[in-house]
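Participant: Between the sequences and the hints, there should be enough to build the whole structure, so can you do that?
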Amino acid sequence: MSRPLRIQFPDAWYHVMNRGRRAESIFRGKKDYIAFIKLLKETADLWNLRISAYCLLKNHYHLLVQTPDANLSRCMRHINGVYTQRFNKAHQIDGQLFRGRYISILIDADSYLLELIRYIHRNPIKAGIVKHIEKYPWSSHHGYLSDAKKWDWLNKDLVLSMFSDNRRLSIKRYKEFVSKKSSEEINEILGEKKFPSTLGSDGFIDWVRRTFSGKKRHIEVPESKSLIPDITRIKAVVCKSYDVVEGALTFTRRGVTNEPRNAAIYLMRHLRGDSLEEIGREFKVTKYSLVSSVIERKKAMIAKNQRLKTHIERLKKEINMSQEQTPLCLFMNVSFFYFSHTFIIRQSRKARKSAPAADRKAPE
1 MSRPLRIQFP DAWYHVMNRG RRAESIFRGK KDYIAFIKLL KETADLWNLR
51 ISAYCLLKNH YHLLVQTPDA NLSRCMRHIN GVYTQRFNKA HQIDGQLFRG
101 RYISILIDAD SYLLELIRYI HRNPIKAGIV KHIEKYPWSS HHGYLSDAKK
151 WDWLNKDLVL SMFSDNRRLS IKRYKEFVSK KSSEEINEIL GEKKFPSTLG
201 SDGFIDWVRR TFSGKKRHIE VPESKSLIPD ITRIKAVVCK SYDVVEGALT
251 FTRRGVTNEP RNAAIYLMRH LRGDSLEEIG REFKVTKYSL VSSVIERKKA
301 MIAKNQRLKT HIERLKKEIN MSQEQTPLCL FMNVSFFYFS HTFIIRQSRK
351 ARKSAPAADR KAPE
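In my numbering, the protein residues as written are 1 to 364.
The set of hints was computed from the structure by calculation and includes no laboratory data.
Just so it is clear, the structure is predicted and the values come from calculations on it, not from any experiment.
Errors might be hidden in some of the hints.
Stated by the list, open to error - Between beta-carbon pairs, the in silico distance windows are:
1. N48 with Q306: 48 to 58 angstroms
2. S197 with R272: 19 to 29 angstroms
3. D94 with T232: 31 to 41 angstroms
4. S25 with K316: 35 to 45 angstroms
5. V82 with K193: 27 to 37 angstroms
6. E184 with K304: 47 to 57 angstroms
7. M321 with L145: 37 to 47 angstroms
8. A148 with Q306: 17 to 27 angstroms
To be verified - Below, a list of computed lysine-lysine pairs in the DSBU-like style, where the Cα atoms sit at most 30 angstroms apart:
9. K304 with K149
10. K287 with K235
11. K31 with K41
12. K31 with K135
13. K41 with K149
14. K150 with K240
15. K316 with K41
16. K150 with K181
17. K150 with K316
18. K181 with K41
Quick reminder that beta carbons are idealized off the backbone N, C-alpha and C, glycines included.
Facilitator: Below, the structure written as structure tokens:
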């Protein structure tokens, strides 16, 4: 059986869910919940995933996310894969943890964003675990009520701004909103055994059908090779910046830090999303744990050192400048903020009319 289509485009919103295999627990205790939340923060940072809501229950989880880089599949592969590894290691078991890949519903933010925030945060009440959502510790509801810096990673400002431009008033109205029951429509839709692939107004669903019809597989258009920096380009830019030859990127000596190599490893992971195995093979590093350590150390150094951060950003800019965008990619990168369908379709038609005849056929 083929995998379901994953429609992905810049700034798309999704409601994502997954359950334990055979309804088994995916969170056995406090440490597991904390580990999963930590992983969400890591993913938000590493893959530019905007997480606006989460709720973790014993045998399943709910997420509400936005993908500026059209990379939901990559983000979820990281979340489910890494959590399974850490869970199995912590509990000294092996094998599959989740019952499948994951379920995702493409969301019309204009129509359903707030309803889904409420549905996700009220899930513990629906499950009969608590009577008040404030009593449940493993959801992002608490982040919406707090201005503490520990919640800065949560993408809540947009949601709160929908209630009011005044911070205190927006939080107050948010609390009033989630204190009421979820709409019957949402409960009915998400109560079905088979979830819809898209949730939105008739206009939004029609736009999705028109825009993505005919793309049978790998519909993640913006993740095509034309948008991913070439490995040789990353190496060339790094070597030029550090004034070294390419062979220096695989140089190793005990007690000596290879900064050019570490920068290239970090950029390959951050810009291309390659696996630790692929990166290790490229730089002749046999231990994947070492590759992971290099990436984590570099991230920590960038966060503390403004000069290094500026340098890395300059390298990214130079690398990305070399990437040529096709007419389709240009179309897909038009602002999708709140899915301005008419504007997008108009731009697409203009691009297709002005393109050479040989380029007008959509890629399969």
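Participant: Looking back at the numbered hints, which does the structure fail to meet, lowest number first?
Facilitator: Per hint list: 1, 14 violated.
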